[in-house]
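Colleague: Chain by chain, the residues:
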Amino acid sequence: MLITDIQIDALKELINIGIGKGASVLNTMLDSHIELSIPEVKILLSDILSYEMVSLSADRASVVSLPFKGDFSGIARMIFPSESASKLVTAFTGEDIDIMELDTIRAGTLTEIGNIVLNAVIGTISNVLKLKLEYRVPTFREVFSKSLFSSTTRMHDSIIIYAKTSFLIRNLEIVGDLALFLEVGSYERLIKIIDTFCIEYGAEIE
Amino acid sequence: MNEEIQAAQTRFDVFDHTPLGICIVDSSFTTLFWNVFMEEWTGILRNEILGESLTRFFPHFKSPTYFRRLDDIFRGGPPTVFSSQLHQQVFKPINYPDYDQIQHATVTALPAEQSGKWYAMFSVKDVTDITKRINDFRSISCKALKEISNRKKIENELRESEKKFRNLTETLPQTIFEIDTKGIISYINSSGMELFGLTQNDLKQKVSLFDFISKDDLEKFSANLEIIAKYNITKGFEYTAKKKNLITFSVMIYATPLFSDKTCHGFRGVILDISLLKRAEEEALKLNRELEARVADRTNKLNEAMQELKDEIKVRKYTESELQKAKEEISQALTNEKELSEMKTRFISMISHEYRTPLTVILSSTYLIERFSEEQNVSKVSYHLNKVRDSVKEMTNLLEDVLTIGKTNNKNLRLNLEKIDLEKTCDNIIENFKSINETGHVISYQKQGELNSVVLDSKLLTYILNNLITNAIKFSTAGSVIRVELKEGTGKIYLNVSDEGIGIPDEDQQNLFDPFFRARNSRETSGTGLGLAIVKQCVESLKGDISFTSKLNQGTSFSITLPKDLSSYL
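Protein chains in written order, with this note's numbering: chain A, 1 to 206; chain B, 1001 to 1570.
Excised from the complex, chain B in its bound form (with noise of 0.2 Å):
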């Protein structure tokens, strides 16, 4: 070890005590002292590498980098430095390989021993543990910075939203409020200061939503209030609001109650004007009232001129009835007359035949018993005095039933009513047939049923059976027999006759009751066509039913049916 060397040693030992490493060179880089930070970190001992020259165990100061920076150093110039960032390691720890410590080297000038020269003293400071230190500060920072940031964004995000929804409120035509439990309002849009007049003032001095309502709402208001808290509802309610001036209008509240904690500390909720509402609910229903009462009386006029309408159908009906009784009474009139002239027409024909015949024979007879007389021939003159008679009796029958048909038809006939043996009187009826039968008809007579105590006119009973059986003998043949049967049923009694005669053609059946009408088979025997219309007649007098079958060349037979007790259906 040289002098230099050794005189460095009590030169600077004072840097073996204080926490840096020091390096000390001369210009030709020959390590001039190496203290003991120096010894510890890089693992060189200061015997190894005093007198040595720095270069051979750290070549990297021969670079220009390093080499350029120093070179004003020996000549006394200002001090360089060699920041950790950008040179990791001055003095890299050799020995250690594993060893990452972060030295922050700085060099300075000193003079040496010998004038005019400069020493180069490398003072390093480990900042490892800072550098760690930093780096993790720096990555604790990134990721409070990237959280920051984050935040920032949702902040941002919120407040945005905020103003969104602020500037929402304040665009809405409704009032939207936050009040706290006492009613003071903690928030109001600008709706709600121009509802109630209310200037940003009097929301500095606390102001209360209950001054806002009327003295006969604020029980109802804070009701209301504590059931919205209590139930945890959104509800609103119509009352009665004022404003600053006291100018009274409706509202509608509508209230949520604000919760912390389970407690509730306020209210929010929107507040809308109904006042015009109202007024318009209140014009409908005048409105609804006027309609309705036009309405009630249109609808009266309406029925007024339904009921005249009515009225008038009804007149119109009856008239129209009125016409239709005239059309028909006119029709029948003119049936009637129709029937009458045919009638008429065969009166004549029936007249001209049926009164001929009795007349020549009076006429003849007449001449007979004048010259009878003159001979004095009495037998002869009674027997055709007897013909005159019988021919006057002929006519006589036929003026009677002319007449009885003119009295039934026109509905002139008086029942006489009388309790009668009916069976008594059909007997009597049909012994007279019997004495009398010229013809040898047999006559069979049948009766069965209680037929002794029978109200009617005997009269009428008593032609209807005569001409029944008369014209049986009439048109049938002589020896052949004649049914009659006489039955009672329940109130009714049942009149047949019949017989085995020349029946009535088809074709004249239906006309078989018309006055003066005469089937096309009878022409030749004698008649006048008025029986069984005068018949058929006082069956219904009597309030009964006639009706008949028969069979050409085989019969006729004719069904009556009588009430037993004719009073009783007068």
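Only chain A is shown next, with the shape it has when bound in the complex (with noise of 0.2 Å):
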């Protein structure tokens, strides 16, 4: 199913807000100023165009997943090269350590600021499109790159909603990925979805 440029537009437009929402919730919690964005949203098919994502330029990445069902069922993630992703984590704590490694407690943090820009970016879709989602307690996972799409991951064969994203905080920049992997099914649920959003308030978003 092909998608339109309107509906693309509509998609980035809402991940936009909620991450838009997940940037004030961070910049609460710091002393330092934190700007979140993402570049562009692209609709990837699972194995197969997942080069595009940034974590997989490393061997291992850091993973955090919010997964959920109900008018659409998948799993939002939030990826990270681990090196990236510890970065992330010591930029946020100002630990003045030069340990690269996430250990339970590092983990911790990053499964928490996973937590709000995942929560964010979904809380947004299902808040604006008054969908009707049931969650499950956010994960954390330390995988190899190349296992993200084996078939343990269960998301092989995923539609991905795709949006590279970069952390400014503290003059660094980490960028990282931020990807809906949805079941096909789901997709084309989202899709209609949008699409109705779209007649109705389209409007509203433009």
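No false leads were slipped in.
Derived DSS-like pairs (lysine-lysine); straight-line CA-CA distance at most 25 Å:
| id | chain 1 | residue 1 | chain 2 | residue 2 |
| --- | --- | --- | --- | --- |
| 1 | B | K1153 | B | K1143 |
| 2 | B | K1244 | B | K1182 |
| 3 | B | K1215 | B | K1242 |
| 4 | A | K132 | B | K1117 |
| 5 | B | K1220 | B | K1243 |
| 6 | B | K1434 | B | K1487 |
| 7 | B | K1262 | B | K1230 |
| 8 | A | K87 | B | K1132 |
| 9 | B | K1344 | B | K1393 |
| 10 | B | K1244 | B | K1204 |
| 11 | B | K1117 | A | K130 |
| 12 | B | K1152 | A | K87 |
| 13 | B | K1243 | B | K1204 |
| 14 | B | K1447 | B | K1492 |
| 15 | B | K1564 | B | K1492 |
| 16 | B | K1243 | B | K1182 |
| 17 | A | K12 | A | K192 |
| 18 | A | K69 | B | K1117 |
| 19 | A | K87 | B | K1143 |
| 20 | B | K1146 | A | K87 |
| 21 | B | K1543 | B | K1564 |
Read the hints as simulated data drawn from the structure, not as lab findings.
Dock chain one against chain two, each of which comes alone in its own frame, and use the hints as you go.
Modeller: Written out as structure tokens, the structure reads:
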């Protein structure tokens, strides 16, 4: 199913609103200002087009997942190359350490950051589109980048709404991936919902 | 307690059996459930908090950080995480201010009894222990990292250093090697590989250094290695080595033993190719020999030249001395000639004077004899005849003297040696003088010692003594004393004749013994000037010495020394 420019624009708008919300929450938690941006939004066909993802450039990736189901099902994921993830945590906590590993404590911190961003994006989408969604508890995992799309992720045949995410914090730009891994049926449902939404509220969104 | 709270106790009873702190609130933050862990951690009992607003105990939930993030929960929104690093204590242990528990909280939406409404459930995990452990781990890690980085630095430095030394050994023109005790080469630099014609493949096949030492030197090499290991020394020896292609060459191998646990496990060292050096040494030796031969040759030639030069110098010296001799002879001849000329002059003057007087006497006597013969005056004739006879005698004596001086001057005087009684001879001469003493001189005669056995020419001695005494009488006033002394010493005879006469002027003393020389104060007295000259030559013929002392108008003393036995001198 092909997505139209209008649909893409609508999606981009929704995600941007969510990102804005997330940035606002993060800013209240930090002394220093943080800028969150998503320069582009793409629809990727799972592993075929997944090379676009930043996290694949490194060996290991840190993944914060927020599974959901309801009007459409899937997993919202924020993925960083492990080293970037660690830098991000250090930037947030202001830790004066040169450990580049994510231990349980630091993984918890990354989980919270991911949780804020993912909640903002998913929350915005579901609020705006008036969707009924049920959520699971967010999880953290560190995986080999190449296994991101392996069968174990159960997402190898999903459609991905992909947004490259850039954190600019303390003059440091940390780039990662924000991805909604959607089940095929869910994706179609989502597009339809967006379509309906565009027809009803098109003027508002523009 | 209202119904909702009571229902919640029943509904969430299961959470009293989980290892998490659980707190459930409604959208107005009224506490509906507070499990045992929450009681335990915070010190707030269930009875105190249920039905109360959570913000009464934990006012921070009013802040936007929490409020905004929990807002969606009450609309069934996605779970919210409060991680331990960003929120150390979501539920501060109010009653235990010293309890620094670290919490990780997740807030999830739970559907309320009343449909469409949502509760917020705080699941609080105690991560104190793990955080502490992680912090411990971190500090250990930090230390370890530092240690590792230090080690890495040291390792890098070591590696660099090793690289440097390896590069150094690789660039060295000398061979650097390391072998085990069996000689298996564990390292050899590229110079060494080149020297022996080795390849990397050879090294892989574990070649031994022993394979590259000539058969004759193997035992020596092995023995030297043993010594080096035994005394733990670094020493070099010369060997004949062979390349892989069996070409032999001279090497100097310096080796030092390698020890681990006091056991020698191998050797390390340097191999120098000294074949060029050896060749140079041989060439130098050869050159040296050639040089030595050349030097010897040159030395010989030089010696020959020197000898020639020496001979030439000898010839020249000889010639020079001959020349000198000739010169001296000529000079002598010239002197003799001069003396002769002077002597001639003096001779002529003497002859003209000394011969004239007796000749005049003879001539006048002949006239007188003629006259007195006519008168027949026999006594007068006889007197004048005696006068003629005396004059002739005088002339004869004079002639005798001249002949004697001629003889002695030409060294033709023949000695007539005989053993005589000197005392007796002298006694006779003195007696003779005393008997004809016409002038009244007093002759004092003294003798001393053994004088009766002397070997000499008595004629010459008589001449000497006669002449000296005659001179003493002639040149001293009548009646004065003339002393004659005769003495014997060890092998010598001393004869002294002194008078109290006119003496010899100082300026004439040096020429006194010259023939025909007459002192200026003697010219009025007749004389030939030959007497003392003859005396001197007689004394010299008898191998004796003559000397004199004289003072004008006081007297003269002649001293003569003669050997007692002249025969022993000839």
